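If you want the building blocks of each chain, they are given just below.
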Amino acid sequence: MIDLKNVSRIYQVGSEKVYALDKATLHVDEGEFVSITGPSGSGKSTLMNIIGCLDTADSGTYLLDDIPIEDYTETELAKIRNQKIGFVFQSFNLINKLTAAENVELPLIYRGVSKAERKSRVSEALERVNLTRWARHLPSELSGGQQQRVAIARAIITKPSLILGDEPTGNLDSKTTDEIIGIFHELHDQGNTIMLITHDREIAEQASRIIHILDGKLSEVSI
Amino acid sequence: MIQSFKMALKSIAGNKFRAFLTMLGIIIGVMALVILVSLVSGATGSVTDSISSLGNNLLTVTISDDKGAPVKLQTLNEWMEKDGIGLIAPSGETSATARYEGNSGSITVYGTTPPYETINGLSILLGRFIKSSDVDNHTNVVVINETAATELIGYTDCIGEEVSLDGIKYTVVGLLEDDEDSLTAVFGRGSTVAYIPYTSLLRLSSEASSNITSFSVSAETDMATAEATMTSILMDRFDQDDDAFTVSSRDALEDAMSDVTSVLMILLGSIAGISLIVGGIGIMNIMLVTVTERTREIGIRKAIGAGRGVILQQFLLESVVLCMFGCVIGVFLSWAVLRIISVVVSSLSMSFSLEWNVVLIAVGFCFLIGIVFGLYPANKAAKMAPIDALRYDG
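Residue numbers (numbering that gives the first Met the number 0), protein chains in the order written: chain L, 0 to 222; chain X, 0 to 393.
Hints listed in this document are in silico derivations from the structure and should not be mistaken for laboratory results. Source: prediction; values computed, not measured. Any given hint could turn out to be false.
Unchecked claim - Here are the simulated lysine-lysine pairs, BS3-like style, with alpha carbons at most 25 Å apart:
no. : chain 1 : residue 1 : chain 2 : residue 2
1   : X       : K15       : L       : K78
2   : L       : K16       : L       : K83
3   : L       : K22       : L       : K4
4   : L       : K96       : X       : K9
5   : L       : K96       : X       : K379
6   : L       : K78       : X       : K382
7   : L       : K83       : X       : K382
8   : X       : K9        : L       : K118
9   : L       : K96       : X       : K382
10  : L       : K118      : X       : K382
11  : L       : K96       : X       : K5
12  : L       : K78       : X       : K5
13  : L       : K96       : X       : K15
14  : L       : K114      : L       : K83
15  : L       : K16       : L       : K216
16  : L       : K114      : X       : K5
17  : L       : K114      : X       : K9
What the hints assert, rightly or not - Going by beta-carbon spacing under 10 Å, a handful of chain X positions derived as facing chain L:
no. : residue
18  : K9
19  : L124
20  : G126
21  : R293
22  : T294
23  : R295
24  : E296
25  : G298
26  : I299
27  : I303
28  : K382
29  : P385
30  : D392
Cβ atoms here follow ideal geometry from the backbone N, Cα and C, with glycine treated the same way.
Please put together the full structure from these sequences, using the hints given.
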C-alpha cells in the first residue's frame, strides 16, 4: 500500500544542499507493523512527513494505495490525509480549547459526517482507548498518557489505512509507554497498517520490520 | 459552516478581554455613525416639520436695490389686484423697549397692514388685528402675543391697556396666540412680539422707511403662479435685474434645509465611517496575532484533514463574528444613548430615535469590514504549509 521509489527531499541550508532523503525506496504492505529508527537529523521525520502526505518529494514517486501523491493539490492532500492516514505525534498535538471528545470528533467534521454518526463513533473510539469518562475534559486536565490516548482515538476514528506514529512515546514514562505501545499492537492485531518512528530499540524490535535511516538513506535491519 | 461558527464563538469566548478591546473600535465606530446620523435626522425632522406646518402658502419678497422706484403701500395695493396674487402685506421690523407700569423689557415690533394676519395665519385670541383705518390714521394701536402679555402686563386679559414702546404710548387692541410650531418658536422660544400699523412704525423707528423693502405675498390660486407673477412684476420694475430682489417660498427654504442636512449627514457619516475602518484595522491586527498564536493549531487541523478553504472560512468567520458582535453592542449602546438624549432634551420638542436605515448600513458596513480586514489574516492561515505549522513552537 505504500510504494516509494527513488524519493528525494532536499533542503537548502545556507549555500549547502542537504539530502534529508536520498533516493529512498520503500514498500510496505497492508497490515504490516514497520518501525523506523535512526539518529536525530537522519531524515526520519522527513520520511514520515512524505508518507503522511504533509510534505511532497522533490523527485521520485510515491504511491499511497496506488494514488500518485505528487499529482495532488494541497486541499486534495488534506482530504487524502483525512481519509487514509491517522497521525499520532510525539507532543500529542491536541487542540487545547477543545475537549477530548471534540478533539476526537474533528476529523469527522472535516469529512462531513452527520452529527448522530459522529457522536456514536466518538464514543466508540474513546471506549477503545479507555477514556470514556474523560470525554468532557480539556487536554490540560489530562495526563500525558491520557492525552496520547486521545490522539490515538482521533487517529483511528476515521478508520484510516495507515496509522503513523512519530515518536508517540517520546514524552511518556515507561509505564505509559508500554500502555501506548500495547494499544498500537492491538490496532495491528485488528488489521491496521502501522508505522512507528522510534528511538527506543526495544519498541522498534517489537515491529515486524525495522527500517534504519542514516543521512537520508534507508536500509532494512534484519531482526 | 455551523461548526466553524461554533469554533469562532469558542475562540472569541476564550479571550474575552482581548476580544472586547478589539471590538471597542467597531463599537465606537458604530455608535458614532448611528448616533450622529440619528441626531441630525431627528433635529432636521423637527425643523422641517415646523416649516411644513406653516403651510406652503406664502412668498417672502426682499428688495435690496429699488433702482429709484421705491415700493410704497399704495404700490402693494395695486399689485394685489393682479391675477394670481392674493394678499400682500409689508413687514418692517424693529426692536423696542416696552414698558407697562413698573415692568419693562425688550420686544420685537413688526409694522404691517391688515392682510398680514391672513397671509401668516395668525390667530387672534382676544380683540382684533390691525385695521386699514389704523394704517390710514397712523393710530397708535398694538397687537401683542401671549408671551408679551404675560411677561409685560402680567395677565392676558389686557385689551385696552396702554403700553409704551420706546416712550410712545400704544393701546393694546388684540391678543395673539403664541405660535408653538412656528419657525421663530423653534429658533427663539418665548419671544415677545408686537404688531403695529406700518405707518406707526415709521414714527417709532428711524430704521423703518415708507419705502418698503420686505413684504409677504399669498397666492390667489397656486404658489407657482403667484411666484411667477410676482417675479415678473418685480423684474419689470427693477430694470430686469434679478439681483435687486429675492422672492423665496417655504419650499425653497425646505429645499435649502434638506440640502444642508444631507451634506451634514454625509459628512458626519464619512467621519464615522473612517472610525469604523480604523476599528477594522484593529480587527485585522488582532486576527494576525491570533493566526500566529494558533499556527500549531492550524498545523494540527491541516494534518487531520482541514483543507485551505476550511481554515480560511474558520478565521474569516471569526473576524466577521467579532465585527458583528461589536456592531450589535454598538447599536444597542447607540439606542441607549439616544434614549438618554431624548429624555434630556425633551423640552425641545425634538425626537431622537434610532434610524433603522442607518442601523442597516452600519450592520452591512461591519460585515464588509469583517470580511475585508479578515481576509488577509485568514488567507495567511490557510496558506501555511502543514509541516511548518506543526513544527512551530510559540
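Structure-based check of all given hints:
1. Simply put, K15(X) and K78(L) have alpha-carbon atoms about 33 Å apart, too far for the 25 Å limit, and the pair is violated.
2. For the hint pairing K16(L) with K83(L), the CA-to-CA distance comes to about 32 Å; that exceeds 25 Å, so the pair is violated.
3. Straight-line distance between C-alpha atoms of K22(L) and K4(L) comes to about 7 Å, which keeps the hinted pair within the 25 Å bound.
4. Our distance criterion of 25 Å between C-alpha atoms is met by K96(L) and K9(X), whose separation comes to about 8 Å.
5. The straight-line distance between the Cα atoms of K96(L) and K379(X) is roughly 21 Å, inside the 25 Å bound, and the hint therefore holds.
6. This hinted pair checks out: K78(L) and K382(X) have alpha carbons roughly 16 Å apart, not beyond 25 Å.
7. Taken as a hint, the K83(L) and K382(X) pair is honoured in the structure, with Cα atoms around 22 Å apart against an allowance of 25 Å.
8. The suggested pairing of K9(X) with K118(L) holds, with an alpha-carbon distance near 20 Å, which does not exceed 25 Å.
9. Pair hint K96(L) plus K382(X) holds up; C-alpha atoms about 23 Å apart against a cutoff of 25 Å.
10. Annotation: proposed proximity of K118(L) to K382(X) is violated, straight-line Cα distance about 31 Å (limit 25 Å).
11. Pair hint K96(L) plus K5(X) holds up; C-alpha atoms about 12 Å apart against a cutoff of 25 Å.
12. Of the supplied pair hints, the one linking K78(L) and K5(X) holds, its CA atoms being roughly 22 Å apart against a limit of 25 Å.
13. For the given pair, K96(L) sits about 14 Å from K15(X) by alpha-carbon distance, which is consistent with the 25 Å threshold.
14. For the proposed pair K114(L) and K83(L), the alpha carbon gap of about 21 Å is at most 25 Å, so the pair holds.
15. This hinted pair checks out: K16(L) and K216(L) have alpha carbons roughly 15 Å apart, not beyond 25 Å.
16. Proposed proximity of K114(L) and K5(X) is supported: the alpha carbons are some 14 Å apart, at most 25 Å.
17. Under the criterion of a C-alpha separation no larger than 25 Å, the hint pairing K114(L) with K9(X) is consistent with the structure, at around 19 Å.
18. For K9(X), the shortest C-beta to C-beta distance to chain L is roughly 6 Å, which falls under 10 Å, so the interface hint holds.
19. Here the hint on L124(X) is broken, as its CB sits about 75 Å from the closest CB of chain L, past 10 Å.
20. Taking 10 Å as the C-beta cut-off, the interface hint given for G126(X) is violated, the closest approach to chain L being about 83 Å.
21. Using the Cβ-Cβ criterion of 10 Å, the hint placing R293(X) at the interface with chain L is satisfied: the shortest such distance is roughly 9 Å.
22. A least Cβ separation of about 12 Å between T294(X) and chain L goes past the 10 Å threshold, and the interface hint is therefore violated.
23. For R295(X), the interface hint holds, since its Cβ comes within 10 Å of a Cβ in chain L; the closest pair sits about 7 Å apart.
24. Satisfaction of the interface hint for E296(X) is found here, the shortest Cβ-Cβ separation to chain L being roughly 5 Å, below the 10 Å cut-off.
25. For the restraint placing G298(X) at the interface with chain L, the shortest Cβ-Cβ distance is roughly 8 Å, inside the 10 Å limit, so the hint holds.
26. For the restraint placing I299(X) at the interface with chain L, the shortest Cβ-Cβ distance is roughly 5 Å, inside the 10 Å limit, so the hint holds.
27. Proximity of I303(X) to chain L holds as hinted, the smallest CB-CB distance being about 5 Å (cut-off 10 Å).
28. With its C-beta approaching chain L no nearer than about 9 Å, K382(X) sits inside the 10 Å limit, and its interface hint holds.
29. Annotation: P385(X) was flagged as interfacial toward chain L, and the flag holds, the nearest CB pair being 5 Å apart, inside 10 Å.
30. For D392(X), the interface hint holds, since its Cβ comes within 10 Å of a Cβ in chain L; the closest pair sits about 9 Å apart.
Figure legend: structure checked against the earlier numbered hints; hints not met, in rising order: 1, 2, 10, 19, 20 and 22.
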